[in-house]
Amino acid sequence: MTAVAEKLSSKDFSSDQEVRWCPGCGDYSILKQVQTVLPDLGRPKEEFVFISGIGCSSRFPYYMDTFGMHSIHGRANAIATGLKATRPDLSVWVISGDGDSMSIGGNHFIHMLRRNPDINLLVFNNQIYGLTKGQYSPTSEQGKVTKSTPMGSVDYPFNPIALSLGADGTFVARTMDRDPKHQQAMIRRAYDHKGTSLVEIYQNCNVFNDGAFEIYTEKSSKKEQTLMMEHGQPLVFGENSDKGIKLDGFKPIIVDLNDASVNDLWIHDETDLVKATILSRFYDDPSHDGHFPRPFGVFYVNNNKATFDQLFNDQIAYAKESMGAGDLDKLIAGKETWVVN
Amino acid sequence: MTAITDKEVESVVIRFAGDSGDGMQLTGTQFTNATALHGNDLATFPDFPAEIRAPLGTLAGVSGFQIHFGSTQINTPGDQSDVLVAMNVAALKVNIKNLKKGGVIIANTDGFDAKNMRLANVPDDQNPLTDGSLSEFDLKTIDVTKITRAALADSGLTTKEIDRCKNMFVLGLVYWMYHRPMENTLNFIKSKFKKNEAVMTANIKVLQAGWNYGETTEMFANRYTVAAAKMEPGLYRGIMGNQAAAYGLIAASVKSGLPLFYGTYPITPASDILHDLSKYKNFDIKTYQAEDEIAGICSAIGAAFGGHLAVTGSSGPGIALKGEAIGLATMLELPLVIVNIQRAGPSTGMPTKTEQADLMQAMFGRNGECPVVVLAAQSPADCFTLAFEACKIALDHMIPVFFLSDGYIANGAEPWKFPKTADLPEIKVNYAKERAASDDKFLPYKRDEKLSRPWAIPGTKGLEHRIGGIEKQNETGNISYDAANHEFMTHLRQAKVDKVADFIPDQTIDNGEESGDLLILGWGGTYGALKTATAQLIAEGYKVSHAQVRYINPFPKNLGDMLKRFKTVVVPELNNGQLVKIIRDKYFVDAIPYNKIQGQPFMSHEVISKIKQILD
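Same order as they appear, the protein sequences are chains D and Z.
The first sequence stops at residue 343 when you use the numbering used here, and every number in between is there.
The second sequence stops at residue 612 when you use the numbering used here, and every number in between is there.
So that you can see chain D by itself, here it is in the shape it has in the complex (with noise of 0.2 Å):
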């Protein structure tokens, strides 16, 4: 990183190309958070590379004057992991989609998440296919009724939180299109993480699965669905925050703050792992009576484990100094040779 970087504005970071998503999409606004959130964190942008996978999120680094790469559909993790394990000094971000990054791309999701490089995935779910014209993805309900499931689908969805707690992430958040400072927010987390930062933004599709998040984000219903973490912070929610979350063993209970006390609240820690997997699991249908409100914020981080990068390039540094630079006539000639007259 450059100590004196030039001040650089949201500006410096659009490209002269036609921004093309549906108009009313949700990606509108990541794109605009992200241009708001890189010029402050001091680093000159040719330093920034977005690579993304197949899908409407994908578009997102053409319309980026960094470097970037639109590649192939659910690769960009195993893409951005090669180019960060041999380009560390870049600041590498992974635009993904739920069909991206956890249909196709399933596997590249979770070994990226397993290996920690220093990479920030933001995944942007909207539980639909959208570019394909409207088919359920991994993340949509069960009873989905969609262009390929007329009679509505019979998979059960993945909980992209749990599966990324599953896989061992580092950094662990849920955001959403609609709330911009929420979003900054996890946004600058994630890059001042080191290790794999997973973003799941709530991401609306007003084409093909309109409204699909908005018990959440609706000034209406918000407060009432959605529990907003904050790390040293007791779990409350509510309209008139006038409900909390306490733990009775390992069993989440809600309670009536008119009826308990904040004191008796659980306090929101980031670094337990835990309680990080019993909040992921607070993802049951918001139209079931005695439902728990969906968590937003960071579920979870750990900031002692060494990234990939880091480990796989201190390893050529060792193999350097313990051995020596490489000598090629000395590899090539080999222990034994003979000399023909």
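Just so you know, these hints were derived from the structure itself, not from any lab.
As the structure is a computational prediction, the values presented were derived from the model and not from experiment.
Glycine included, each C-beta is placed from N, C-alpha and C at the ideal position.
There is no bait here: all hints are sound.
Within a straight-line C-alpha distance of at most 20 Å, the following computed PhoX-like cross-link-like pairs (lysine-lysine) qualify:
id, chain 1, residue 1, chain 2, residue 2
1, D, Lys221, D, Lys183
2, Z, Lys413, D, Lys337
3, D, Lys337, Z, Lys275
Listing some non-contacts, in silico: residues in chain Z with all C-beta distances to chain D over 10 Å:
id, residue
4, Ala(-1)
5, Val195
6, Asn507
7, Arg561
Model the placement of chain Z on the given structure of chain D, informed by the hints.
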């Protein structure tokens, strides 16, 4: 005691065969090293089952290692063997058909007991060692197990550990028979078992027991000497194909000044390249064992984007999975080397058996019009030259390049007059330079005289740009669905591959006249067998020549003219006819296919018969 006579012979073929747990590959490799150091020319052929421990004693579990060595030029591991070492009856049954009449069989009698007979499906009333069925061979029976156990009775090792030394007895005996030096094997044992002195001592003792057995028993009337071969003067070493390929990649990294990234997923018979490369991290060699084949190539594409010399390696099934990403690399126009160590297919096929059936896959096995450069190595040592060349072309032309090898040359070994680093061609790499805001707009797909585009790596100020798999406008790289542009870009990507023909050597005739009755046109690992066959045919007065194509896409510019100077062109291949189709299509020559699809290399006598059949 009868005197033992020393006989001088020109060349010998020995086949070591046993259960896959009998250590025959190690025995063969040790004998090969000793023979190379002795100065013979040689060629080897390991032939083993895919299972690490295949069912004990069965025909399917037989592992073989054949070596052909001599004082003359040796091109193949030999059609038939002079000596067959059979550690059990299954090994004898599988290999006897390729033993010369009068050839020596060294049979370990312990491997011919009732149980082994049953496992090898030998009928109860038969025993090849006693029923006279081997009367036309020179049968030597030795109870190797018993002798080994006796030699190590006081070693303190368990019976299981002792029995593992059996192969050393056989090796010692064959060393004695052929006057081989044992030092390299003694050094090998000392280094391999340096942490277990009991096992080290045991192996050395049994190796020497084998030698002494030859010396003191009267079983062998003859010993043989094979004089050093008359080879081109110089400094030599022995080399296997995969090892040579790994060194070629490392050499390209050194000569280009770029760190090497090898993204791959383990697969037979390509994994040894990963094993080899992973040892040389001090050369700035970065190996990455990805989660799958697709991630292997995609990580390499990421590394290429970042400015590394990027290589992915696999065998046919893995290449099938990489197809879409090869298309991406073609669209991105990034340098990438794709290594395919071919094996018998389709699907899983026969992983440890050789075949040349992935040529069409390399040429055309992708969606859309997706031409790439294709090179094919012809011998173990040639893997070095062409792996290096594949990297050079990829970097010079910003293009994906296939390097084809096969299981036969990958695991085969030969003496190699290896080059000096200073004598290898330079590989010049120029990343695109920084640009100021006042400079003209950066054009990522602007082309030079080779039709190559600039390599603008992330981190370079002013070169921010986007590339992708979608069709693009030339020069700007912007997405374009324009009809005429797509046709233009398709032709351009083809022209870029064709342009490589200006930078590769002309096709040469390996042996024979520049024109004649018949040209044997081979490619890849069939080189040795075709070379031997050609020499024999010429000696018999046939007007036959041989050329081996190493640059397949594009072909050398003079290949078409060369084909037209022969009345007949025959294309022998270990597949159902692939190069022949390309040749017929491209040059309109009525080339005759000659195919073998048995997972085994050509034998030179087969080629000779076929050519004679065509000519007579």
